[in-house]
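> One letter stands for each residue in the lines below.
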Amino acid sequence: MTQDADKVLDHFELFRGAEYKEMFANKRANFENTHPDAEVDRVREWAKTKEYQEKNFAREALVVNPAKACQPLGAVFVAVGFEGTLPFVHGSQGCVAYYRSHFSRHFKEPTSCVSSSMTEDAAVFGGLNNMVDGLANAYSMYKPKMIAVSTTCMAEVIGDDLNAFIKTAKEKGSVPAEFDVTFAHTPAFVGSHVTGYDNAMKGVIEHFWDGKAGTVPKLERAENGSINFIGGFDGYTVGNIREVKRIFDLMQVEYTIIGDNSDVWDTPTDGEFRMYDGGTKLNDVANAVNAKATISMQQFCTEKTLELVRNHGHEVLAFNHPVGVAGTDHFLMEVSRLSGKPIPAELEKERGRLVDAIADSNAHIHGKKFAIYGDPDLTYGLAAFLLELGAEPVHVLATNGNKAWAAKMQALFDSSPFGANCKAYPGKDLWHMRSLLFTEPVDYLIGNTYGKYLERDTGTPLIRIGFPIFDRHHHHRRPVWGYQGGMNLLITILDKIFDTMDAKTNVAGQTDYSYDIIR
Amino acid sequence: MTSLNAKIQEVFNEPACGVNHNKTEKERKKGCTKQLQPGGAAGGCAFDGAKIALQPFTDVAHLVHGPIACEGNSWDNRGSKSSGSALWRMSFTTDMNETDIVFGGEKRLYKAIKEIGEKYDPAAIFVYQTCVPAMIGDDINAVCKAAAKKFGRPVIPVNSPGFVGQKNLGNKLAGEALLDHVIGTAEPEYTTPYDINIIGEYNLSGELWQVKPLLDELGIRILSCISGDGKYLEAAYSHRAKAAMMVCSRAMINVASKMEKRYNIPFFEGSFYGIGDTSDSLREISRLLISRGAPDKLMFHTEALVAREEQKAFAAIEQFKVQLAGKRVLLITGGVKSWSVVAALQEAGLEIVGTSVKKSTKEDKERIKQIMGEDAHMIDDMTPREMYKMLREARADIMLSGGRSQFVALKAAMPWLDINQERHHAYMGYVGMVDLVRQIEKSLYNPIWEQVRQPAPWDVNGESWQKKAQAAPAALPLAAE
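Quick mapping for you: the protein sequence lines, in order, are chains Y and B. For the working numbering, add 1 to where a residue sits in the first sequence, where the first one is 1. For the working numbering, add 707 to where a residue sits in the second sequence, where the first one is 1.
Lysine to any residue pairs mimicking SDA-like chemistry, simulated, CA-CA at most 25 Å apart: (1) B:Lys1096 - Y:Arg354; (2) B:Lys1118 - Y:Gln485; (3) B:Lys1118 - Y:Ala364; (4) B:Lys1096 - Y:Asp357; (5) B:Lys826 - Y:Ile518; (6) B:Lys826 - Y:Val508; (7) Y:Lys342 - B:Gln1161; (8) B:Lys1149 - Y:His365; (9) Y:Lys369 - B:His1132; (10) B:Lys1076 - B:Gln1053; (11) B:Lys1149 - Y:Thr493; (12) Y:Lys370 - Y:Asp503; (13) Y:Lys497 - B:Lys1149; (14) Y:Lys453 - Y:Lys505; (15) Y:Lys505 - B:Gly791; (16) B:Lys938 - Y:Ala509; (17) B:Lys852 - B:Phe810; (18) B:Lys1096 - B:Glu1157; (19) Y:Lys370 - B:Ala1023; (20) Y:Lys350 - B:Arg1160; (21) Y:Lys369 - B:Asp1125; (22) Y:Lys369 - B:Arg1145; (23) B:Lys1149 - Y:Ser362; (24) Y:Lys369 - B:Gln1146; (25) B:Lys1149 - Y:Met488; (26) B:Lys1118 - Y:Gly368; (27) Y:Lys350 - B:Trp1165; (28) B:Lys1118 - Y:Gly353; (29) B:Lys1118 - Y:Ser362; (30) Y:Lys369 - B:Asp1142; (31) B:Lys919 - Y:Gln511; (32) B:Lys1149 - Y:Arg354.
Hints in this document: simulated from the structure, not taken from any laboratory.
Let the sequences and hints guide you as you build the complete structure.
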């Protein structure tokens, strides 16, 4: 074989050797019983047609390449945003391994999370014992300040009652009676990770504000001037939360970030392992009930949460992942209105810089067509930013978007001349997107790492914005919110545009007459 | 240096130059170079002028003799395009260091020439003099002569160190280098009655290629283009052309006029910017070729082509008229001739509120008057501050200018379109003008301009940065050109 102990080839090179190529060709010719190349080509081309697209969009049962994840993932996201909090997923342990690896691949940080490791007998007799043992073990082994319980499908299917289970566990002494255990039912067969975020966040707030599952009196609200801030499920949470804090500090606003993941997913390498780091202080969560208002950056991540908060007398405000100039303007002005603090000159300068940068480069984005997919709020924010830049977000797709999202997108398209040819696709998957990219091609695709297959198949350059980003590192450390964040987004988009331009002009002696130094 | 001084005097004494006609003997002696104001923002130097004029020759190795600054800052900074060799884009410099300056850089230069020849085998090597070796007395003429003899390949000295003057002077000195060392040193394989030279055309964004098909259709051969997409050999045998078109009037007029004197090649000043001007230039090329013996029917063909292309272009521009009617344009051009763009913009329904005539000749100004009327707002030498003021007061909706004025427009929150050398769109010829109008339309209607002009929405009246900027003119931005 081509492999040689003196010079071991890695996977990039190994199978390119003549022996392997020959072996694969023989295998294919003699044993694989494949369709003739011409037939394969015919079908491939057919899959690019309008006719195929119609069949593709008529799909009722099958989902191919969905752009969403499950509820407990969102619940784990919420849990690690609180001081010393251990996410505890009631259900099978395999699911939990997924959440941990999913987050770790994106954030390049460990994500601590345990499960109650339900097995077949638990599924038959109920998971109570697993909850009782699980809480006891987790409490004694990992010494958390709080445990946030959510569920996998398994527990939901058999109908385990978290509230009752936790109560029983406390009675049996798994954890002290006054120890904070929040809970949320998060079945993966309903909604997506953004629903899970909503449920878990609601669970935490409800726990602290509404009497800790009936064990203490409900909190009485004494309104102060403070503002609560909830970020929503956000792949850029490390950079974003820090940026939002900086902005609030600049404005001298009193605030509480409810769910602050910026430290736990960005711990320093200094010899100390931090199982928990940063996060919203539990006292602060309780005191947040007294705030004047609560802001959510992502409406579709926090629908139930905000309802709960509103019922406590807060003014609530929901944005749709606001990015860019107008998006940030809107955000800051609302913060200014709610807090009574003016927007400082420094932020106004940053605004001017972003406007300046857009003006400098507008010609390269203006009139370009984009396809976007991702979470409902993110796609909305990005589409609004593109319209602001004079680009056309022609296809906007959210597998976890609903009709309300689609209507909101349509209203956005209608508000701009650049939105005339744009359409929102709620509940569709990336295989639908594939058809769209063939029948109505665009210049660029915006999406997460999974978009790279679409990039390969359709030749549409992929701009990586979203969650998860697995094949590029550290994007989550840069904010996309605020004017600085808008600048980061602009640069990300422009980089791809110029890279594409270079890639199309870099054949020496053929196309490199346009391979320019200055773009 | 005396020979360089003589050369500069000679260049100043250009009889074909429109400006020179109107000067007294004394003024003419003084030369064209306006003394620069120390501390004022200034444009490029003579080295830069020489380099940009010759760099578009594609199969030539352009070797800059000097410290890293000169080539380091100018490497591949022009949008010229090549249909063949990419050698012109390689950055060659002697990168002189302290020791060279103490002991002289001639040996290093000689070695550099030798190495380029061995590694790249170029058609020729152009050696550019810069300030430092000129001051320490490196004789690049002698080194080039010796190297050419030793290595058997053309090594052309371009003696235009930065300190002798401004960019425009460098353009002309580059032309002198061609006249002295290149033109007339080779013979073409064959000639035709339809051979022309195009002088002072740099094929920026490949725009010559938008005009070439028209010439091809008429059977007219570009024997040599100086210097856009040019080859060394083409320049060497360019003296066999029957006629010449002088594109950028001030840059290389000495080349055109001296070739007329030496080789009887009649030339005219023309432009491929604008629809009418493209047509006029095609007619003029045909007229000159017929005067040199081409058959009369060439004019007939030319008229047919002009009629067809004009109709096509106007039809294409028509679709933008609704969007563009009444929009006001401020035109600040460098090399691109103002009047030729003016006519094209008026065609699209745009109103020209002012045009710069900084580099325009008296004839240019006359033409602008013809096109824009007697009250044409001609700006001789607009400072960035005036430009800013004009834009800020919204007396214009868009500014067309070179890259260096871009920021004046942007800071005044005004749409801006690049029509100088760093632009990415080709505006030459009929299709080019349609594209220019398209780009203006795009630029005007980009949503960012509305954003740019609006103060931050939380601003109370009187506190926006725009208001502050207007209140404090001293803080206005400054930019070169």
